[in-house]
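Peer 1: Could you build all of it, start to finish, from the sequences and the hints given here?
Chains as they are written, first to last, in our numbering: chain R, 1 to 362; chain W, 1001 to 1281.
It cannot be assumed that every hint is accurate.
Where chain R lies over chain W, by a calculated footprint (3+ residues, C-beta under 8 Å) [said to hold, decoys possible]:
id: 1; segment: 1056-1069
id: 2; segment: 1091-1102
id: 3; segment: 1163-1170
id: 4; segment: 1256-1265
Covered by chain W, according to a simulated footprint, are these stretches of chain R (three or more residues, beta-carbon under 8 Å) [as the list claims (entries may be wrong)]:
id: 5; segment: 123-133
id: 6; segment: 349-361
Hints are computed from structural coordinates only; laboratory data are not their basis.
Where is the CB? At the ideal position from N, CA and C, for every residue including glycine.
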Amino acid sequence: MKRLHLEGLDALFGALRGAGYTLIGPRLRDRAIVLDELESAAELPIGWTDREQDGGHYRVAARGDDARFGYVTGPQGWKRWLFPPQEVLLRARRLGQGMRIEAATVEAPRRAFIGVRACDLAAIAVQDRVFVHDPGYQARRAACFIVAVNCTEAGGTCFCVSQGSGPRAGAGFDLALTELCGDGQHRFLVEAGSQVGATLLDTLDAVEATAADHEALEAGLARARGQMGRRIEHEGLAAALREHLDHPYWQKVGERCLGCANCTLVCPTCFCAEVEDRMSLDGSEAERVRHWDSCFNLEHSYVVGGTVRTSTAARYRQWLTHKLAHWETQFGVSGCTGCGRCITACPVGIDITAEAAALRQA
Amino acid sequence: MSTAAADPGLWLPRPYRVSRCKRELSDTFTLELLPADGEAMPAFRPGQFNMLYAFGLGEVPISISGDPDAIGPLVHTIRAVGPVTEAMRALQPADEIGVRGPFGSHWPVADAEGMDLVIVAGGVGLAPLRPAIYHALRHRRRYGRVCVFYGARTPDDILFKTELKRWRGEFDMLVEVTVDRATRDWAGKVGVVTRLVEGGGYDPLHTVALMCGPEVMMRYTSRALEARGVARERMYLSLERNMKCAVGLCGHCQFGPHFVCKDGPVFRLDAIESLLAVDEL
Ligand SMILES: Cc1cc2nc3c(=O)[nH]c(=O)nc-3n(C[C@H](O)[C@H](O)[C@H](O)COP(=O)(O)OP(=O)(O)OC[C@H]3O[C@@H](n4cnc5c(N)ncnc54)[C@H](O)[C@@H]3O)c2cc1C
Ligand code: SF4
Ligand code: SF4
Ligand code: FES
Chain R
1 MKRLHLEGLD
11 ALFGALRGAG
21 YTLIGPRLRD
31 RAIVLDELES
41 AAELPIGWTD
51 REQDGGHYRV
61 AARGDDARFG
71 YVTGPQGWKR
81 WLFPPQEVLL
91 RARRLGQGMR
101 IEAATVEAPR
111 RAFIGVRACD
121 LAAIAVQDRV
131 FVHDPGYQAR
141 RAACFIVAVN
151 CTEAGGTCFC
161 VSQGSGPRAG
171 AGFDLALTEL
181 CGDGQHRFLV
191 EAGSQVGATL
201 LDTLDAVEAT
211 AADHEALEAG
221 LARARGQMGR
231 RIEHEGLAAA
241 LREHLDHPYW
251 QKVGERCLGC
261 ANCTLVCPTC
271 FCAEVEDRMS
281 LDGSEAERVR
291 HWDSCFNLEH
301 SYVVGGTVRT
311 STAARYRQWL
321 THKLAHWETQ
331 FGVSGCTGCG
341 RCITACPVGI
351 DITAEAAALR
361 QA
Chain W
1001 MSTAAADPGL
1011 WLPRPYRVSR
1021 CKRELSDTFT
1031 LELLPADGEA
1041 MPAFRPGQFN
1051 MLYAFGLGEV
1061 PISISGDPDA
1071 IGPLVHTIRA
1081 VGPVTEAMRA
1091 LQPADEIGVR
1101 GPFGSHWPVA
1111 DAEGMDLVIV
1121 AGGVGLAPLR
1131 PAIYHALRHR
1141 RRYGRVCVFY
1151 GARTPDDILF
1161 KTELKRWRGE
1171 FDMLVEVTVD
1181 RATRDWAGKV
1191 GVVTRLVEGG
1201 GYDPLHTVAL
1211 MCGPEVMMRY
1221 TSRALEARGV
1231 ARERMYLSLE
1241 RNMKCAVGLC
1251 GHCQFGPHFV
1261 CKDGPVFRLD
1271 AIESLLAVDE
1281 L
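Peer 2: Here's what the structure looks like:
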């Protein structure tokens, strides 16, 4: 493990830009930590946090220090950069009675993701499996450089520990940073997770981390773990969900759920997409567009004769059983990384950890 | 990060030219298609489907209804029920549509060799079963008794009417048809298709049953078959769900843990029967 002083961050940003990467990272906007293009490290949400999160509740606040990565998880995951909310898949042109169809050109600019948390690394790994054959996703994925940031504090709705995804970045990054600034010595610990990452790290003015650095890292991780108030008990959960598809409890959640789809839109693993074919007014040209969908939309399960999941209870059941039971069968991993976004984003405060616990005991 | 598994043609339909359109019923028609580029067509297995693309309007899953062993056009039988299928009904010879596929699991025609074959269809559900029937006829001696039990709404809704007659006449096959509502000139059976199943004509202990039709019909049919002694592990059914990709990544066709597009559409009953019993799954 290496150590980088505060200005080393500027050097890292510069090196990435020099290597042709567009930087995507956190910034403060509209009283939230959002992900957007960054020009320099000065645009990071310096001194801000969004740790105050709860069911249906999100607040940013000044930290009283100048931490660059002192926030936890904003409302957005990284999926929009790999699986865009809207994407043209095909273009077609009419030729007499016939047609020519071409795959749309995939835009896959080199992007560096700055500040990917462990839970979101896990989410990217999940979508890597879902989209393993998808040409657009894979091209964008291959073009990205990932700078992870370890969590030394947890947010109000985080439960990555019980999902085995955090708070420490384990794999799937090029570089992983840990920001240490509590002891008057603002610095970053840096670990390379790939050859590309190691090569880049070699160009930076980094020194070997000390025993004290290692201790501070462990202490930070322990603090984050200790701050997590929620967990999902996995023992017997998937089996209970599979067996209790007809349980009246779904009706109870269905009565509270607004069916607004917020949870699926903020969830970094949800992959449902609608595919829409469109035609120009004169009928000569057409395109196929994929855009995000949600199992909370009635049209999601439409077949001739009607929608399959008409009740909100049935749609909530689809979401929860998919996340916590069926995902494992489909992709060999859980569909939930414990990022807590769906809890924070739910207008009525429905909490996946609480519903899972209730159904497990049902 | 390796992109080796990425498939550049994943979403790309291939243009096919309509060589023939045949009206089957007032709302149902059969299209015969040949690749517009004149190159070879991929092989398919009975029960598989293609995604058919109507220019600029949409892409829908449609089962292949032709003979899997024949050299000839790709055959689809379609009921016009909405914008995309209506547009396909208006197609003329030499018009083109896009084809992606074939996709999905298939009827277990090879595993069923040596057994009686009971084929139960409702409405347009006969179309996805026709490739299995063609297969059984072509290899008639590999099977015991072959029964086709078919239910339609009215006598005017009986699909492949001439073929049904021919199968009954020319091959050693039990073909029974029933309608929900008779018209004046109908001298045949009236009632649900489960009645035909109850009538027997096969050896339940040595039978493989294939079903396609509305889910309620398949539910009752499987009960009737089971009551006669056909084991659940030898019953297969084809499911329909909304499908937008056919390759397991749009999420629409989920049925419990299954993606109907790639784990199905043909399932063995015992693999999904507990899910079938759940409302709005
Ligand atoms: C595996 C499979 C095989 C099928 N085989 C046949 C066949 O051989 N012949 C036939 O006539 N029909 C078949 N269907 C049903 C057919 O796909 C629908 O009738 C068709 O999608 C309706 O599209 P539409 O735009 O004309 O109508 P709309 O009702 O306007 O449909 C709008 C959209 O909803 C979806 N949708 C609607 N109904 C269905 C449905 N039943 N199943 C799946 N998606 C649906 C489609 O995405 C469609 O684009 C099959 C469906 C599946 C899943
Ligand atoms: S089915 Fe629902 S929970 Fe599952 S991926 Fe799609 S939107 Fe997310
Ligand atoms: S289900 Fe909720 S907590 Fe789990 S990954 Fe999705 S948004 Fe995060
Ligand atoms: S049709 Fe898209 S996942 Fe099955």
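Peer 1: Each hint should be assessed against the structure and marked as holding or not.
Peer 2: Status of each hint after checking the structure:
1. 1056-1069: Since 4 is at least three, the answer is holds.
2. 1091-1102: Coverage by chain R holds for the segment 1091-1102 of chain W (5 residues, Cβ < 8 Å).
3. 1163-1170: violated (count 0)
4. 1256-1265: Held - the segment 1256-1265 of chain W has 3 residues with a Cβ nearer than 8 Å to chain R, which meets the minimum of three.
5. 123-133: Held - the segment 123-133 of chain R has 5 residues with a Cβ nearer than 8 Å to chain W, which meets the minimum of three.
6. 349-361: Violated, because only 0 residues of the segment 349-361 of chain R bring their Cβ atoms closer than 8 Å to Cβ atoms of chain W.
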